[in-house]
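Engineer: Sequence:
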Amino acid sequence: MVLVVMLLSIYKTFVPPPTETPELTASARETLAATGVIIDVASSNTKQNWINAVAEQFNADGHTTSAGRQIFVQVSHVLSGGSQQAILSGTLQPTVWSPGEYSWVEGANQVWQDRTGHALVSEHCLPTANAPSGLAMWRPMAEALGWPDTPIGWGDLLALANADDGWGSVGHPEWGAFQFGHVHPDFSNVGLLLLSSLAYHAAGKTAGLQVTDVYSDPAQTAFRQLELKTYHYGLQSRDLLDLMVNRGPSYLHAVTTSEAETLRTNAERGDRLRFPLAFIFLSDGTFWSEHPYCILSEAEWVSDEQQDAARIFRDYLLSPSQQDIAVNYYIRPVNQQSPLHAPIALEYGTDPRVTQATSPALESPSADVANAVRDVFHMTKKPAAVLLILDTSGSMGGDLITNAVASAQNFIRRMSARDEVYVLGFSTTPVWIGQGGLISEVGETIVQNVGGLYADGGTALHDAMCMAVATIEDVRARHDAAGEPHLYGIVLLSDGGDTSSTITENQMFEMCLPDGENADGVKVFTISYGQYADQDLMTRIARRTNGKPFQGGPDNIEQIYSAISAEQ
1 MVLVVMLLSI YKTFVPPPTE TPELTASARE TLAATGVIID VASSNTKQNW INAVAEQFNA
61 DGHTTSAGRQ IFVQVSHVLS GGSQQAILSG TLQPTVWSPG EYSWVEGANQ VWQDRTGHAL
121 VSEHCLPTAN APSGLAMWRP MAEALGWPDT PIGWGDLLAL ANADDGWGSV GHPEWGAFQF
181 GHVHPDFSNV GLLLLSSLAY HAAGKTAGLQ VTDVYSDPAQ TAFRQLELKT YHYGLQSRDL
241 LDLMVNRGPS YLHAVTTSEA ETLRTNAERG DRLRFPLAFI FLSDGTFWSE HPYCILSEAE
301 WVSDEQQDAA RIFRDYLLSP SQQDIAVNYY IRPVNQQSPL HAPIALEYGT DPRVTQATSP
361 ALESPSADVA NAVRDVFHMT KKPAAVLLIL DTSGSMGGDL ITNAVASAQN FIRRMSARDE
421 VYVLGFSTTP VWIGQGGLIS EVGETIVQNV GGLYADGGTA LHDAMCMAVA TIEDVRARHD
481 AAGEPHLYGI VLLSDGGDTS STITENQMFE MCLPDGENAD GVKVFTISYG QYADQDLMTR
541 IARRTNGKPF QGGPDNIEQI YSAISAEQ
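Per my numbering, the sequence shown starts with residue 1, numbered consecutively.
No lab work stands behind these hints: they were computed from the structure. All of these numbers come straight from a predicted model, not from anything done at the bench. Don't take every hint at face value.
What the hints assert, rightly or not - Cβ-Cβ distance ranges computed for the label pairs, FRET-style: (1) THR64 to ASP515: 34 to 44 Å; (2) GLN85 to SER297: 15 to 25 Å; (3) THR31 to LYS205: 52 to 62 Å; (4) GLU56 to SER440: 43 to 53 Å; (5) HIS341 to GLN93: 32 to 42 Å; (6) GLU305 to ARG540: 28 to 38 Å; (7) GLY208 to ALA34: 46 to 56 Å; (8) ARG413 to GLU30: 51 to 61 Å; (9) ASP474 to ARG544: 18 to 28 Å; (10) TYR532 to ASP165: 51 to 61 Å; (11) ARG544 to PRO218: 35 to 45 Å; (12) ARG540 to LEU346: 33 to 43 Å; (13) ASP555 to TYR454: 15 to 25 Å.
All C-beta atoms in this analysis are idealised placements derived from N, C-alpha and C, irrespective of residue type, glycine included.
Please work from the sequences and hints to get the whole structure.
Structural biologist: This is the structure in structure tokens:
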């Protein structure tokens, strides 16, 4: 314990100041565009603090194009998969796209080629960083597996997951069964890469992974074994690491993430950690994410002048001075000559002895292989049982109810045929919307029933919440009796406070809501909808149950439901 306290005190001494590029207002953009050149950089959030610092200095230095016009860099921080979808749908139009890994670009190019007859990115994308992906695990647990001196691979983790006595198989029965969390491969670069590395493990390869390897019986078995011990998904690693911080070692034992995010959590959240986190390089091989800098040269919204400006910023980003400071922000520089130093050090939670020369680098999956990895994930993950609670009170009139209904319908359509859905509407009293059950059996009927909802009456939020929890717990008991593990979630949407319940707020919290102590428990995701929603209440409900609170309105409700889909 003395060692742990010492390590936590070390972590707290190294916290680089957070930086943000200022958000430009519409008028500021118009002024800058008239006198200079704006380049918008959509960058994977792993390198957020570093690229912000570089962009801030670049802007302050007053760099100009070959024509003498000043360049202003505006950085937004995105998920690799989410940004790919947004670019392809036209809702995100950056000058430069820098996802975590090149396969996202390859996939976007393929779609763009099919649509337009030409690629989205024709110019070579240069790597900007070396960001290894692996696992963050509580340090005592990692040490029980041999960290940092003994290699730890997928075989060790699957053996731990399959062991009847869980951690007892390595001398720690007090830790129970292995409990894992990983980010969603449809949205997250780390999620895609770590599941790709599992497929590599099953195939016994470090390069040349084929679609047939991913769909093979050994790969599907490995995926299924891991998913049985997976209790939480998410859009990004930071959310899972926050859960580890807030819930401690009894909730999740390890999560997929990057080295940078592990070090950041130790440094910035060390005072709240029960134990430090250790970053594990999987011995089967490591994805050294190169974070390519891709100028969208073939996009109609990117001008020749912006391309020129983007190349100037790229060269600045790759200069030795900017590469050297990457380490301060938990990022390994792409320049192999740049020396490593704290916080990339053992005492901060990672092993600097592991480099591209010592750990086999896994070959990036092709777009076809990446699609197969995501497909096998959906085939093998535990099915979800989700209960939607929809506020249909009188205050939900107009666009509120129209957009909420349409987005709820799309949420149901996105669910797997193996999932179960139940819908509870509430105004003055809660009312079941159709007969819930398997999506394959009731999905379309439920979608039609939801389409008939309209706004009227009061708001019995507490009563609806308690009815929903009781129902989903009954569903869970049925699954447990049949030996059919599921993930359980409730999605609550409301635009106001309770006005009609017979159950008080205190009764709801103390007698109805799940306590959030167990990783396999029911999670409640809340949507504070519109300007009059009780955000404090909705946030507390979500936090109590290890769900996640969201806030929005008719304009972004579709994106919110999409984000919640990634949690299930």
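Engineer: If you test the structure against every hint from before, which numbers come out violated?
Structural biologist: 1, 6 and 8
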